[in-house]
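Visitor: As a plain string of letters, each chain reads:
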Amino acid sequence: ETGVTQSPTHLIKTRGQQVTLRCSSQSGHNTVSWYQQALGQGPQFIFQYYREEENGRGNFPPRFSGLQFPNYSSELNVNALELDDSALYLCASSYRDRGNEKLFFGSGTQLSVL
Amino acid sequence: QQQVKQSPQSLIVQKGGISIINCAYENTAFDYFPWYQQFPGKGPALLIAIRPDVSEKKEGRFTISFNKSAKQFSLHIMDSQPGDSATYFCAASGPMDSSYKLIFGSGTRLLVRP
Chain W
1 ETGVTQSPTH LIKTRGQQVT LRCSSQSGHN TVSWYQQALG QGPQFIFQYY REEENGRGNF
61 PPRFSGLQFP NYSSELNVNA LELDDSALYL CASSYRDRGN EKLFFGSGTQ LSVL
Chain F
115 QQQVKQSPQS LIVQKGGISI INCAYENTAF DYFPWYQQFP GKGPALLIAI RPDVSEKKEG
175 RFTISFNKSA KQFSLHIMDS QPGDSATYFC AASGPMDSSY KLIFGSGTRL LVRP
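As you go down the protein sequences, you meet chains W and F in turn. Quick note, the first sequence lines up with residues 1 to 114 if you use the working numbering. Quick note, the second sequence lines up with residues 115 to 228 if you use the working numbering.
Next up, chain F with everything else stripped away, as it sits in the complex (with noise of 0.2 Å):
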């Protein structure tokens, strides 16, 4: 109930295209879904997160798109650049207990070729 399952493991998308990442959850206490962007060497960033009570959230190229009754939620990033090519985590909490910690998702490789 604790895991969080992402998809794909990797990805390979155009200069300009779309990436899309999907993750979906077990824990219906979890009310915080955060998406971290990590480049190699360095901890995860955070990119941007959304909270239950919205089904959509818009940050420049970054999306998060939420579905509650499907237990899903995903990151789309428009006008890939090769600048985003780096490995992206989704990850959720709740207070299910009082430290609040991200479960993370494995990660996807995202390649964005010129």
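Isolated chain W (complex conformation) (with noise of 0.2 Å):
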């Protein structure tokens, strides 16, 4: 176990509506990502929290949206869902110190949206 867990594990939501993700860090650990994994596809990198503060943003739009906490927690909004917004959301934490850190994945909230 990676020590990272996420919640809720499933969810199901209808297009139009928002949903919050929760991620809980590995212990010590700085740096959070969360990821997209549409069915049969790799990992697509979301944003990253440093310290509270957006690190990096990939190919997303506005209406998703993050924060860090000050223990490291995290959470994940997504607004306006759309039918293509339908995956597997991964967090991973991972600690800060010297570039290209590795990351410890939790098991994932798998999103439906209808």
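Rather than coming from a laboratory, the hints here were simulated on the basis of the structure. Virtual Cβ for every residue (Gly too), placed ideally from N, Cα, C. Possibly wrong hints are sitting among the right ones.
Selected chain F positions facing chain W (in silico; Cβ < 10 Å) [stated by the list, open to error]:
#, residue
1, Ser121
2, Gln123
3, Tyr150
4, Gly157
5, Ala159
6, Ser212
7, Leu216
8, Arg223
Have a look at the derived ranges for each label pair, beta carbon to beta carbon [claimed, not checked]:
#, chain 1, residue 1, chain 2, residue 2, range
9, W, Ser27, F, Lys156, 19 to 25 Å
10, F, Asp211, W, Thr14, 32 to 38 Å
11, F, Gly130, W, Gln18, 50 to 56 Å
12, W, Glu52, F, Gly155, 26 to 32 Å
13, F, Pro209, W, Ala38, 23 to 29 Å
14, W, Pro62, F, Gln116, 18 to 24 Å
15, W, Leu67, F, Ser169, 39 to 45 Å
16, F, Ala184, W, Gly16, 45 to 51 Å
17, W, Glu52, F, Arg175, 38 to 44 Å
18, W, Thr5, F, Glu170, 33 to 39 Å
19, W, Ala80, F, Asp211, 24 to 30 Å
20, F, Pro122, W, Glu53, 38 to 44 Å
Dock the two chains into a complex; use the hints.
Guide: Written as structure tokens, this is what we have:
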């Protein structure tokens, strides 16, 4: 086990709704990244937070937003859900020491948008 | 330039055989190449990683071969076991931005027959 926990494990929403996904980082880790994994695809980088500030963003629209809290837990918020947002959302924590830190992934939240 | 291309899409190997998965990249700024293993219902787990200053790295039954001039790297699983049946992702990252985001390949589904 990686020590990274995500909740909920599964979620069903309808188009247009808003969703909040949560992640608890591994103890001692100060960086959290979020990835979207569509069925049969590799994970795609959404954004990263380091010490509560966004530290890089992938090719995702502004309706994808996030937060990192002082205890390094994190949230991913998605507004105005679209059918294509159906995917596995993965949280990964790491310790920012130097470049290319090891990522430890949680088991993900499976989001279905109907 | 940000893509990582992975092949084959799926692979069937007999127990005891060698599994070989290949990846190619375009961006010469990449300087970290990890391989992740993902079981159904789980997040990706780091298997082994290499940097471009070495041509090969071995950990147990898993070996990464790296060809910097060809911009290719591959994962070799020796003595493949049914428990190795999973989806494997290659990835790459580099200091193009401060987040060191991972760019993943599309994955290879490996089935090891008993």
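Visitor: Looking only at beta-carbon atoms, does the pair F/Pro122, W/Glu53 fall within the given range of 38 to 44 Å?
Guide: holds (40 Å)
Visitor: Should the interface hint for F/Ser212 be scored as holding, given a Cβ-Cβ cut-off of 10 Å against chain W?
Guide: holds (6 Å)
Visitor: W/Leu67 and F/Ser169, beta-carbon distance inside 39 to 45 Å?
Guide: The hinted range 39 to 45 Å holds for W/Leu67 and F/Ser169, with Cβ atoms some 42 Å apart.
Visitor: Can you tell me whether the CB distance of W/Glu52 to F/Gly155 sits inside 26 to 32 Å?
Guide: holds (31 Å)
Visitor: Lying within 38 to 44 Å: is that true of the beta-carbon distance W/Glu52 to F/Arg175?
Guide: Cβ of W/Glu52 to Cβ of F/Arg175: about 41 Å, so the range 38 to 44 Å holds.
Visitor: Less than 10 Å between beta-carbons is the criterion; does F/Gln123 satisfy it with respect to chain W?
Guide: holds (9 Å)
Visitor: Does F/Leu216 meet its interface restraint, that is, does its C-beta lie within less than 10 Å of any C-beta in chain W?
Guide: holds (7 Å)
Visitor: Taking the CB of F/Gly130 and the CB of W/Gln18, does the distance hold inside 50 to 56 Å?
Guide: The hinted range 50 to 56 Å holds for F/Gly130 and W/Gln18, with Cβ atoms some 51 Å apart.
Visitor: Can we keep the F/Gly157 interface hint, with Cβ of chain W closer than 10 Å?
Guide: Because about 3 Å separates F/Gly157 from the closest Cβ in chain W, which is inside the 10 Å limit, the hint holds.
Visitor: Against chain W, run the beta carbon of F/Arg223 and see if the smallest gap drops under 10 Å.
Guide: Holds. Min distance 9 Å.
Visitor: Could you say whether the range 33 to 39 Å given as a hint is met by the Cβ separation of W/Thr5 and F/Glu170?
Guide: Between W/Thr5 and F/Glu170, where Cβ atoms are some 36 Å apart, the hint holds.
Visitor: Once the shortest beta carbon distance from F/Ser121 to chain W is found, is it less than 10 Å?
Guide: violated (13 Å)
Violated hint: 1 only; the structure is consistent with all others.
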